[in-house]
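So the protein lines, in turn, are chains U and H.
Sequential numbering of the first sequence, starting at 1, is according to my numbering.
Sequential numbering of the second sequence, starting at 1, is according to my numbering.
Calculated directly from the structure, the hints in this document are not laboratory data.
It should be emphasised that the depicted structure is a prediction, and the values quoted were computed from it without experimental measurement.
Careful, some of the hints might be misleading.
[To be verified] BS3-like cross-link-like pairs, simulated, lysine-lysine; straight-line CA separation at most 25 Å:
no.	chain 1	residue 1	chain 2	residue 2
1	H	89	H	160
2	U	121	U	82
3	U	133	U	82
4	U	118	U	84
5	H	49	H	121
6	U	84	H	121
7	U	82	U	120
8	U	133	U	84
9	U	133	U	121
10	H	89	U	84
11	U	81	U	120
12	U	82	H	49
13	U	120	U	84
14	U	121	U	81
15	U	22	U	81
16	H	179	U	121
17	U	82	U	170
18	U	81	H	89
19	U	118	U	194
20	H	160	U	82
21	H	89	U	120
22	H	160	H	179
23	U	170	U	81
24	H	89	U	170
25	U	118	H	121
26	U	251	U	240
27	H	179	U	81
Each chain, letter by letter, is given below.
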Amino acid sequence: MTGNLLEIRDLHKRYGEVEVLKGVDCTMAQGDVISIIGSSGSGKTTMLRCINMLEEFQGGSIRIDGEEIGYETAGGTRRRKKEKEIARQRAMTGMAFQQFNLFPHMSAAENVMLGLVKVKKMSRDEARSVAEKWLDRVGLAERRDRFPSQLSGGQQQRVAIARAIAMNPKLMLFDEVTSALDPELVNEVLQVIKDLARDGMSMLLVTHEMRFAYEVSSRVIFMNQGRIGEEGNPREMFHKPQTERLMEFLKTSTFN
Amino acid sequence: MGYTLNFSAVWRSFDQLLWGLALSLGLAFVAIAIGCVLGLITAFGLLSKRGMLRHPARIYVTIIRNTPILVLVLFTFFALPQLGIRLGKIESFVSTLAIYSGAYLAEVFRGGLLAVPNGLKEAGLAIGLTQSQIRNSIVMPLMLRNVLPSLSSTLISLFKDTSLAAAIAVPELTFEARKINVETFRVIETWIVASCLYVATCSVLAALLRQLERRMSIPR
Numbered sequence: 001m002t003g004n005l006l007e008i009r010d011l012h013k014r015y016g017e018v019e020v021l022k023g024v025d026c027t028m029a030q031g032d033v034i035s036i037i038g039s040s041g042s043g044k045t046t047m048l049r050c051i052n053m054l055e056e057f058q059g060g061s062i063r064i065d066g067e068e069i070g071y072e073t074a075g076g077t078r079r080r081k082k083e084k085e086i087a088r089q090r091a092m093t094g095m096a097f098q099q100f101n102l103f104p105h106m107s108a109a110e111n112v113m114l115g116l117v118k119v120k121k122m123s124r125d126e127a128r129s130v131a132e133k134w135l136d137r138v139g140l141a142e143r144r145d146r147f148p149s150q151l152s153g154g155q156q157q158r159v160a161i162a163r164a165i166a167m168n169p170k171l172m173l174f175d176e177v178t179s180a181l182d183p184e185l186v187n188e189v190l191q192v193i194k195d196l197a198r199d200g201m202s203m204l205l206v207t208h209e210m211r212f213a214y215e216v217s218s219r220v221i222f223m224n225q226g227r228i229g230e231e232g233n234p235r236e237m238f239h240k241p242q243t244e245r246l247m248e249f250l251k252t253s254t255f256n
Numbered sequence: 001m002g003y004t005l006n007f008s009a010v011w012r013s014f015d016q017l018l019w020g021l022a023l024s025l026g027l028a029f030v031a032i033a034i035g036c037v038l039g040l041i042t043a044f045g046l047l048s049k050r051g052m053l054r055h056p057a058r059i060y061v062t063i064i065r066n067t068p069i070l071v072l073v074l075f076t077f078f079a080l081p082q083l084g085i086r087l088g089k090i091e092s093f094v095s096t097l098a099i100y101s102g103a104y105l106a107e108v109f110r111g112g113l114l115a116v117p118n119g120l121k122e123a124g125l126a127i128g129l130t131q132s133q134i135r136n137s138i139v140m141p142l143m144l145r146n147v148l149p150s151l152s153s154t155l156i157s158l159f160k161d162t163s164l165a166a167a168i169a170v171p172e173l174t175f176e177a178r179k180i181n182v183e184t185f186r187v188i189e190t191w192i193v194a195s196c197l198y199v200a201t202c203s204v205l206a207a208l209l210r211q212l213e214r215r216m217s218i219p220r
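Extracted from the complex, chain U is given alone in its bound form (with noise of 0.2 Å):
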């Protein structure tokens, strides 16, 4: 045991010839609130997606607590867990999606019940009442039996994030989650991402939103081309870059 969170060796990933990440390392303590920054096609949202098996990955190794996420390797063949193993592991972590992702056919209670029921085996009333715990949480108590199309995009997005942290992940992964949001929606959000990061929820974020990385993170790691080309304090990070592409990056971006 090396006491970290989240380790990630030399992750490859290929869709077909074109090879997306190039090999990443990244570990990560418990606590840690690490932003993902980078131009689009940089492989940030892919290696999100390769720490709870959404993408498939042909090298290199994730783990989570110490646990080898997603494939095994014995007698020298490296092999893909089974889906039951697989879907215990995606439990470990939570996601939040650019889309939100509800499920229209639930109101927002159903949503965040349905892992809790399914996956935690809790009875349907215990159930509801820790997401009605978690939509306390969010500031959605009163719209808990409203469906998703009866809600703004900013409260959706809130309720797939306590749908996420219902079920007591180790860490939080969010994929762009205000890049869908109306401008004066977007707050609403980062204020729900900024209370779980003081209560000490590790997280990784892939965000645009660079006054909120700069802001939340203990740590930003800049992507480029697949490949970690950065990665220090915020402070440092966008204070004094250490890199051309950095550099460039910076000035397109929203932070000034």
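Add chain H to chain U, keeping to what the hints say.
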């Protein structure tokens, strides 16, 4: 023309028509229930990444959808016994209609499955659901809502297709009407009454399905 409508002969045999209608409904119900299961399995087959599942599903749908149902009915009833498969006329017709509806419903279900956004399945995976939990709790309920409007028109055409059972002397509504026609010579009256029974039944079915659609619709 000098033809005076006289329904009294038809009314005397009305209970025969009603028994025929009951059998038509029974045939449709059993055949479509089996057809739904077949259609669902086939729809998943059509969308499978594995050729072993996809190709048989595609061949089944293609053959059945390109053969007139009357030909299928006659084939099952007259040709299969020559090959050693002997079925009673009702069993023969029900299995034909089941296989036929399975092919049509497969296409309906396939469309409904394709309309479920991938992101929802990913959201299910991300909270640790297994593939079968995602299928049961997310994909199927949404698919059903997607297909209900086109499903009801398919179900109504399949109900009307039960009239083809008359070709192999299954005593359903059309067969009974033909019998009354022959016995009473009241041609126009008999077929008017039979048509009205079909129209009324289809309207009730359509209304019930619309009700179901409303009840299952997602609040806006």
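Requested in this report: Return the numbers of the hints above that this structure violates; sort them in rising order.
Outcome: 3, 8, 10, 16, 18, 19, 20, 21, 24 and 27
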